[in-house]
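K.L.:
Below, each chain spelled out in residue letters.
There are 2 protein chains.
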Amino acid sequence: MLAEIITIGDEILIGQIVDSNSAFIGKELNKIGIDVYQITSIQDDKQHILNALEEAKNRVDIVLITGGLGPTKDDITKHTICKFFDDTLVQDDKVLQHIEAIFAKYIQTPVTDINRMQALVPSTSVVLMNQYGTAPGMWFDKDETVFVSMPGVPFEMKNLMNDEVLPRLQERFDRPFIVHKTVLTYGVGESAIAKKIEQWEDNLPSFIKLAYLPNLGRVRLRLSARGTDEKLLLDTIEERIIGLKALIGDIIVGYEETESIEVLIGKILTSNGHFLAVAESCTGGKIAQSITSYPGTSSFFKGGAVTYATQSKSDLLGVPKETIEKFTVTSKEVAEAMALGVKSKFKSDYSIATTGNAGPTKGDGDVEVGTVFIAVATPERVFSEKFVFSNHRERTIGKAVNKSFELLLKELS
Amino acid sequence: MLAEIITIGDEILIGQIVDSNSAFIGKELNKIGIDVYQITSIQDDKQHILNALEEAKNRVDIVLITGGLGPTKDDITKHTICKFFDDTLVQDDKVLQHIEAIFAKYIQTPVTDINRMQALVPSTSVVLMNQYGTAPGMWFDKDETVFVSMPGVPFEMKNLMNDEVLPRLQERFDRPFIVHKTVLTYGVGESAIAKKIEQWEDNLPSFIKLAYLPNLGRVRLRLSARGTDEKLLLDTIEERIIGLKALIGDIIVGYEETESIEVLIGKILTSNGHFLAVAESCTGGKIAQSITSYPGTSSFFKGGAVTYATQSKSDLLGVPKETIEKFTVTSKEVAEAMALGVKSKFKSDYSIATTGNAGPTKGDGDVEVGTVFIAVATPERVFSEKFVFSNHRERTIGKAVNKSFELLLKELS
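Protein sequence lines correspond, in order, to chains A and B.
For the first sequence, position 190 matches number 190 in the UniProt record's numbering, and the numbering has no gaps at all.
For the second sequence, position 377 matches number 377 in the UniProt record's numbering, and the numbering has no gaps at all.
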């Protein structure tokens, strides 16, 4: 059972937005055993849309289309899809009522003719109601291939997928099982891992594939199994992971998707009744933001201080001015004082602190661009390490955040 | 002059990573007048890669490939590309020396055979040295089409694009001019804008296209012009934007890419010698992180407090306990006290504060999920507004961040 995702929009091709819709759709299809064969992003151009639909029809069983269903003139997708199915547009009264209700409740201006046109749908389509927006989804059957068109607004598309599209696909198609397990490792490079597990990898059964996914100081190892016997897949993967642990257990910190490192840290802290606080200079709030992007954070996270200006490190966290003068603001001593200060101010049990220079130019401190000191305070002690990550701002910040979580997790485990 | 981007990797198709490489490449090609016709993401599968290369060759003049050039076994791209060009792999001594140098300087372990194999390249390719990694880029000419293969690690790919690929493409191809200007608006919906500017839009010349890009309370309007006379394109766009300002000048807050709202705020504050601090509860550090993701932040940003736990709002920001008890933690009064507190603690001139409940469950406060109070303090006053954004955590946080910047910018302008 193969699917293709077609995302429509000039803004994707000129790089003004990153196509995150495809990743969401790919992940959800995969969970129900549908394999995405290809993702195709194309311009808002009639002929190009027609070509892409025709080519996809020859490649796959399911074609999911996003984008180009908004109320404004640059959207030609609906008319083109209608032409592809040799169909005509008709008004759907239920959609029109829904549009009028949305305007009355949230927008509080009269419904425009432009919005009323969103109630027009191809006569042969099954309308999928979009609870969160004015553009409906549309489901078509053509010569054994299913086509689904959804709006490109991520929030609306996600709800349509969950509420309408996925249940219908599950009902309509027989699907094999696909099982993934991703092993999260920290601190050792891709090729060094490959060398350590070479023999283990060579002995994997043919229905299991291994992929290496390196990113800013961590490597994820993804095992994917496919077959008709779900139990066999799950058992085989578990058994192989026991073998993997014997080889590289010291660098394995967790398993995705169920456990990102932030969630893993949260679980350990919560189960011990402990709390965390963070003090950030060069990471600028990204550690706090990474933690709070997951729900349920309040059971272990007190909060944090983004002490970007040197003075605020003393004012907010009580870092002694003499420590800053003696060792400079980007130093082991200041990082540790920040960690202790934030732990005390927030009355937490653990804390993380960062101070460094992400660049592109030298700041208040005097250290090389890319230098970051990371301190961790526990109920018993405080320690810190110096890193020189890179001369690229975004990369240095990302690496510092990952390394902070790694250092804390090591203390917790 | 048309290009296609092919990104290779199962991790893209199963949604484990979002393909941000394509957006970067699309943006850079666009700047030099090369139009991306299609982005195609495919599996790590030999036949699929061969098909995609062949199809792209029939569609476009330039094919840029990323992914599948790492050191480990799951990478089959290089061998497949070699087969596509009926070529054989030969060792490139310069690449081998580069790999050895990287290992000696950064990795400090012996070079493995796996890494040594990265110095093998198709004999007819032009090697593009990858300064930041061990996998080289490769440039091929076949029947008037240029193919370039690059590693999938974003950092390495970006540097190869900037240092090697873009200069060569500029030298090799005659290109038309493409000019974009994106108008950033806040506070009014897509269809209401469309109605206001309908006549203006109808009168745009045929070489200018308009696109609406709505996202969490802001709508970007992108004008794209294409032609051989760059001055004419620039002048026409400027002239049309004057007309647009006359219609919706009150909701235009800036122009991209040069000016994101964070950069715009930073410019105004810096030029006035003023500083900002932020106090975040439900936004969890995302306001600070959005500001500090741009360089040069220290000239206007003092820092912030992520007072996630109720107690920390009093301990860190001096919000009176009685205010919290009387009005609850999610209230206008607490938001304003947080704004004044953070302004005082950080000795800033302006501040933003957020308190609310992003969900998914009710927290310490007692308000509806999605409710956020945003306060702004200026040298003269403090004020706040209540919003009910949505019942989705990520969306509520995103909308609250955008709305915070909008409220501050209005005060600054």
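Hints listed in this document are in silico derivations from the structure and should not be mistaken for laboratory results.
The beta carbon of each residue, even a glycine, is placed where N, CA and C say it ideally should be.
Incorrect hints may appear among the rest.
Unchecked claim - Ranges between beta-carbon positions, derived for each pair:
{"hint": "1", "chain 1": "A", "residue 1": "Ser20", "chain 2": "B", "residue 2": "Gln91", "range": "36 to 44 Å"}
{"hint": "2", "chain 1": "A", "residue 1": "Leu234", "chain 2": "B", "residue 2": "Leu234", "range": "57 to 65 Å"}
{"hint": "3", "chain 1": "A", "residue 1": "Ser298", "chain 2": "B", "residue 2": "Tyr294", "range": "48 to 56 Å"}
{"hint": "4", "chain 1": "B", "residue 1": "Arg175", "chain 2": "A", "residue 2": "Lys105", "range": "28 to 36 Å"}
{"hint": "5", "chain 1": "A", "residue 1": "Asp113", "chain 2": "B", "residue 2": "Leu234", "range": "45 to 53 Å"}
{"hint": "6", "chain 1": "A", "residue 1": "Pro205", "chain 2": "B", "residue 2": "Glu54", "range": "31 to 39 Å"}
{"hint": "7", "chain 1": "B", "residue 1": "His79", "chain 2": "A", "residue 2": "Tyr255", "range": "43 to 51 Å"}
{"hint": "8", "chain 1": "A", "residue 1": "Tyr255", "chain 2": "B", "residue 2": "Leu247", "range": "50 to 58 Å"}
{"hint": "9", "chain 1": "B", "residue 1": "Met117", "chain 2": "A", "residue 2": "Ile252", "range": "25 to 33 Å"}
{"hint": "10", "chain 1": "A", "residue 1": "Tyr255", "chain 2": "B", "residue 2": "Leu89", "range": "33 to 41 Å"}
{"hint": "11", "chain 1": "A", "residue 1": "Ile241", "chain 2": "B", "residue 2": "Leu89", "range": "50 to 58 Å"}
{"hint": "12", "chain 1": "A", "residue 1": "Tyr255", "chain 2": "B", "residue 2": "Gly273", "range": "49 to 57 Å"}
K.L.:
Against the range 33 to 41 Å, how does the distance between the Cβ atoms of Tyr255 (chain A) and Leu89 (chain B) compare: consistent or not?
P.N.:
36 Å, holds
K.L.:
Check the following: the C-beta atoms of Ser20 (chain A) and Gln91 (chain B) are separated by a distance inside 36 to 44 Å.
P.N.:
At roughly 40 Å between Cβ atoms, Gln91 (chain B) and Ser20 (chain A) fall inside 36 to 44 Å, so the hint holds.
K.L.:
Is the hinted range of 57 to 65 Å satisfied by the C-beta distance from Leu234 (chain A) to Leu234 (chain B)?
P.N.:
About 60 Å separates the Cβ atoms of Leu234 (chain A) and Leu234 (chain B), which means 57 to 65 Å holds.
K.L.:
Range first: 50 to 58 Å. Now tell me if the beta carbons of Ile241 (chain A) and Leu89 (chain B) are that far apart.
P.N.:
34 Å, violated
K.L.:
Verify the CB-CB distance for His79 (chain B) and Tyr255 (chain A) against the hinted window 43 to 51 Å.
P.N.:
This hint is violated: roughly 31 Å between Cβ atoms.
K.L.:
Would you say the C-beta atoms of Arg175 (chain B) and Lys105 (chain A) sit inside 28 to 36 Å of each other?
P.N.:
49 Å, violated
K.L.:
Against the range 45 to 53 Å, how does the distance between the Cβ atoms of Asp113 (chain A) and Leu234 (chain B) compare: consistent or not?
P.N.:
34 Å, violated
K.L.:
Has the hinted range 25 to 33 Å been met by the Cβ atoms of Met117 (chain B) and Ile252 (chain A)?
P.N.:
With Cβ atoms ~26 Å apart, the hint holds.
K.L.:
Using the beta carbons of Tyr255 (chain A) and Leu247 (chain B), state whether their distance is inside 50 to 58 Å or not.
P.N.:
54 Å Cβ-Cβ, so the 50 to 58 Å window holds.
K.L.:
Indicate whether the distance between the beta carbons of Pro205 (chain A) and Glu54 (chain B) respects the range 31 to 39 Å.
P.N.:
Since the Cβ atoms of Pro205 (chain A) and Glu54 (chain B) sit about 32 Å apart, the hinted range of 31 to 39 Å holds.
K.L.:
Take the C-beta atom of Tyr255 (chain A) and the C-beta atom of Gly273 (chain B), compute their distance, and say whether it sits inside 49 to 57 Å.
P.N.:
Holds - the Cβ-Cβ distance for Tyr255 (chain A) and Gly273 (chain B), about 51 Å, lies within 49 to 57 Å.
K.L.:
Does 48 to 56 Å hold as the CB distance between Ser298 (chain A) and Tyr294 (chain B), or does it fail?
P.N.:
29 Å, violated
Of the numbered hints stated above, those contradicted by the structure are hints 3, 4, 5, 7, 11, listed in ascending order.
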